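2 protein chains.
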Amino acid sequence: MKILLKISYVGTAYCGYQLQGEKPTVALMLNRAAKKVFGFECNVTGCSRTDSGVHALGYCLTVDPVDEKNEITVPLDKIPLAMNTALPRDISVLCATWVPDDFHPRYSVIKKEYIYRIRAGEIRDPFLDGRVMELGRNIDTLSIENMKKAQEHFIGRHDFSAFMASGSSVKDTVRTVYDSEITVKDNIIEYRISADGFLYNMVRIIVGTLLDVGKGKIKPEDLPDIISSKDRSRAGQTAKAEGLYLNRVFYN
Amino acid sequence: MKILLKISYVGTAYCGYQLQGEKPTVALMLNRAAKKVFGFECNVTGCSRTDSGVHALGYCLTVDPVDEKNEITVPLDKIPLAMNTALPRDISVLCATWVPDDFHPRYSVIKKEYIYRIRAGEIRDPFLDGRVMELGRNIDTLSIENMKKAQEHFIGRHDFSAFMASGSSVKDTVRTVYDSEITVKDNIIEYRISADGFLYNMVRIIVGTLLDVGKGKIKPEDLPDIISSKDRSRAGQTAKAEGLYLNRVFYN
Chain A
1 MKILLKISYV
11 GTAYCGYQLQ
21 GEKPTVALML
31 NRAAKKVFGF
41 ECNVTGCSRT
51 DSGVHALGYC
61 LTVDPVDEKN
71 EITVPLDKIP
81 LAMNTALPRD
91 ISVLCATWVP
101 DDFHPRYSVI
111 KKEYIYRIRA
121 GEIRDPFLDG
131 RVMELGRNID
141 TLSIENMKKA
151 QEHFIGRHDF
161 SAFMASGSSV
171 KDTVRTVYDS
181 EITVKDNIIE
191 YRISADGFLY
201 NMVRIIVGTL
211 LDVGKGKIKP
221 EDLPDIISSK
231 DRSRAGQTAK
241 AEGLYLNRVF
251 YN
Chain B
1 MKILLKISYV
11 GTAYCGYQLQ
21 GEKPTVALML
31 NRAAKKVFGF
41 ECNVTGCSRT
51 DSGVHALGYC
61 LTVDPVDEKN
71 EITVPLDKIP
81 LAMNTALPRD
91 ISVLCATWVP
101 DDFHPRYSVI
111 KKEYIYRIRA
121 GEIRDPFLDG
131 RVMELGRNID
141 TLSIENMKKA
151 QEHFIGRHDF
161 SAFMASGSSV
171 KDTVRTVYDS
181 EITVKDNIIE
191 YRISADGFLY
201 NMVRIIVGTL
211 LDVGKGKIKP
221 EDLPDIISSK
231 DRSRAGQTAK
241 AEGLYLNRVF
251 YN
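Protein chains in written order, with my numbering: chain A, 1 to 252; chain B, 1 to 252.
So here's chain A without its partners, still in its complex pose (with noise of 0.2 Å):
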């Protein structure tokens, strides 16, 4: 047995998710909590990588606590409180539960959702800095109406080489997006995407996409063929990392 941990971060101090040696990542920050935790290193494996600066609201991951005796020295309910007082105070493990061995937190997933935030206003707020993108221009200078046109157009099974990450390895592009929507709440529009797999920095070119639909760049109608031509350079920018939130992982 295992114990499947979900966690929440802010990614702002990171470089990501994924170990990088001994550089400040969030799997770093976890492998030596662990390790204080339980008295010994710790199989620790998380669910998806995630790049520097994006935020996690439900990340899981799987710690494997038997030590060489085959004993576990931290009963469950303990784990989280015992990992937060060993963890920086960006990272927190919400809850902690057994999974079975063949249980893998990547291979696992059957549907990931991420959020992306973006703050309209020319004024920035100081309390949302790094969790947000700031738009830097009011609300009524974007067509929202558009925007959720333009989205619906993601849904279902597409090859979605036009927004992917050139220099990006994966051979295959074909995802099914489940979820597709648009929120405005006051000045923050949400964006919320769920599918059965991301490619590299998917999200955040489907939502600099969305953004240029917004400003009038692209038309909503023309989202298929943007889809269809798998070409990159078709689709929008890239959007910050800092508005970038993966708020759930979904397994059987």
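No lab work stands behind these hints: they were computed from the structure. None of these values were measured; they are calculated from a predicted model. If a hint is listed, it holds; no wrong ones were tucked in.
Here's a subset of chain A near chain B, in silico, CB distances under 10 Å, partners left out: (1) 89; (2) 93; (3) 123; (4) 124; (5) 126; (6) 129; (7) 131.
Glycine included, each C-beta is placed from N, C-alpha and C at the ideal position.
Put chain B on the given structure of chain A with help from the hints.
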């Protein structure tokens, strides 16, 4: 004529508002930004001290932007964005207006309002780190009803010596509290208090006392006695700076 700026800041990185030589303070950042924007050292005067780690949503200060030649080098409507370009991202100028020369941002204040935010729950929220007091326990372990009863006793004109940090040299310790209110939304307990002025650490000691009431250590009906005792040791502990926000200052 001087310019009144309303600003918002996250206090986490600063040793408070007030200038302390080259220590990182909000005032130091404003002085530097004003010099960049206006091209010379401006006279920057704040409305209030704030402690290290305390935040502000609507802090007011004046800047004298008239140079030696009696000229104003930056038009009023350009000042917020120009200042924000020169300021760190945890400080933001919200708006700018002209005020007469005899206006003083501190002495002209007739009312100040503070907010204190407490987050209930055993698991901390990394996105609110440094921006709330993390209670570390669930909300049902507090009697919000008793806290609401207790806070009513602060309203009115009282000698608040019992709620002043020891060692403070202020002579007149009588203040008039206009409003005092506790609201709960999800797991955030928000306390809002306005007065004609506040003694040193007064809001934080009031909050510490209200938490003692919530936990059953102090009875709501004991508050009048604690106030009239003028005895600091009878009030609760000073609540952490990180939950405190200077929300508004009022002028005639």
